[in-house]
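Colleague: Put the complex together from the two separate chains, hints included.
Each protein sequence line maps, in turn, to chains A and B. In short: position in the first sequence from 1, add 9, done, that's my numbering. In short: position in the second sequence from 1, add 661, done, that's my numbering.
It is possible that part of the hints are untrue.
As the list claims (entries may be wrong) - Partial chain A-side listing against chain B, Cβ under 7 Å, derived:
1) G50
2) G51
3) S54
4) M57
5) L58
6) F108
It is worth saying that the hints were derived from the structure and are not from the lab. Positions of the beta carbon are idealized from the N, C-alpha and C atoms, including for glycine.
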Amino acid sequence: KNEVEQSPQNLTAQEGEFITINCSYSVGISALHWLQQHPGGGIVSLFMLSSGKKKHGRLIATINIQEKHSSLHITASHPRDSAVYICAVDSNTGNQFYFGTGTSLTVIP
Amino acid sequence: DAGITQSPRHKVTETGTPVTLRCHQTENHRYMYWYRQDPGHGLRLIHYSYGVKDTDKGEVSDGYSVSRSKTEDFLLTLESATSSQTSVYFCAIRETHDNEQFFGPGTRLTVL
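The shape of chain B in the complex, shown without the other chains (with noise of 0.2 Å):
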């Protein structure tokens, strides 16, 4: 199994706070990317690395904010978390462009 690890795996938090959520490899993987899950919709690009300190936007980055700065850190701020952002998040790596992703745990965060 990819050495890929999500933390936490679960949080309940309250409208208008900031949240961060942290993505960690021992892979040495360039490419870093959160998605979100939800239903009806499958998996969803929020963000993504190609690496240290080069982060692009996917297609639900509204309210979403990343960094990265080092390999094996990618992070994941909700700047003022909202009901909507209610979701489970799951942190994916890549080691090239080409290959397939290898995904992480995931977070289950509930936004109340």
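For reference, chain A alone in the conformation it holds in the complex (with noise of 0.2 Å):
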């Protein structure tokens, strides 16, 4: 059983295209994160969030607490934006932390 499920598990997108990566998760938690890993393996974070929105450049995060979703958006999808998404969560009860299997992201010019 996964705590955090991801999809889709692999997207390819034209360049210029507006990206979704949906994440559900089935444990209380404290805060989600969004987390890009690039080839080569480096692990940035994106964003961390409770509630509502943020947005980064092209990049957008959204949660719903009542749900236990939230979405990533990329406007206007570069090649530069090929990773793997991964969500993560904290969970509320001690100290866990949660992760998602990601999403491989491939986008064409």
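Modeller: Below, the structure written as structure tokens:
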């Protein structure tokens, strides 16, 4: 059983397309994180949010606490956005941090 | 970028040998974590530390031990490496329990 589920697992888009990656979770959380992992392995934190919406450049993250769901949107996608995007949650019971298995995004020029 | 390094970055070892991976931070963050990343599983917590000499187990702690004798270093030891421990290992740090995590570059370990 996975506490965090992401969809889709793989996504291919044309440059300029609007992209949405979804994350659902089954545990109570204090915060949700979106991470980016490029080929070569480094992991970077994109967003941490516990309510509402956050925006950074072309990236937007939203969360609906009641529905236990979050989305990551990329506007005007670019080949440099190609990476694995990982959703993770801070459980609100103890020091537990659960990760989704990631969404592999490829943006074609 | 957060000052966090891992060593070694790559290691090949044989079944049954002990292996120690090192995570070093220059941020003076209280929390440090060791994860492993495997295809189809995502990242999974092995052990974490919430202060010097204060550590606790994660969901996949069997076969691993950790030590934190000073704030900046968190060591992960595979007491007797097995092929199932072939993985990519990531260290992460966090200033407080509810801040974002910063990840190290990863260590690719192969156990033959």
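Colleague: Compare the structure with each hint and give your call.
Modeller: Each hint, compared with the structure:
{"no.": "1", "hint": "G50", "result": "5 Å, holds"}
{"no.": "2", "hint": "G51", "result": "6 Å, holds"}
{"no.": "3", "hint": "S54", "result": "4 Å, holds"}
{"no.": "4", "hint": "M57", "result": "5 Å, holds"}
{"no.": "5", "hint": "L58", "result": "10 Å, violated"}
{"no.": "6", "hint": "F108", "result": "4 Å, holds"}
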